[in-house]
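Residue numbers for the sequence shown follow this note's numbering, so the first one is 1 and each next one is one higher.
Keep in mind the hints are simulated off the structure, nothing from the lab.
These figures come from a predicted structure and were not determined experimentally.
Hints are supplied without guarantee of correctness; some may be wrong.
Label pairs and their calculated CB-CB ranges [said to hold, decoys possible]: (1) Pro43 - Pro22: 14 to 20 Å; (2) Glu45 - Thr21: 18 to 24 Å; (3) Glu45 - Ile24: 25 to 31 Å; (4) Leu32 - Pro12: 26 to 32 Å; (5) Gln38 - Arg17: 18 to 24 Å; (6) Pro22 - Val42: 18 to 24 Å; (7) Thr11 - Tyr35: 16 to 22 Å; (8) Thr21 - Gly41: 27 to 33 Å; (9) Ser23 - Pro43: 24 to 30 Å; (10) Arg17 - Cys39: 14 to 20 Å; (11) Thr11 - Leu32: 16 to 22 Å; (12) Gln38 - Asp10: 26 to 32 Å.
Note that CB positions come from ideal geometry on N, CA and C, so glycine has one too.
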Amino acid sequence: MREAREEGSDTPALRLRTYLTPSIPESLFSYLAGYLGQCLGVPTEL
């Protein structure tokens, strides 16, 4: 995980790096990223 900011944005966001495999659907990573962001109170992106 690393903190990422879009240019000109004052709102911090967490950018999560994922290494997708055929056995783990992308929707699971999206769900987990959303849950983590909700717990921390920051937006997340994959």
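Exercise for review: If any of the earlier hints don't hold here, list their numbers in rising order.
Suggested key: The structure breaks hints 1, 3, 4, 6, 12; every other hint is satisfied.
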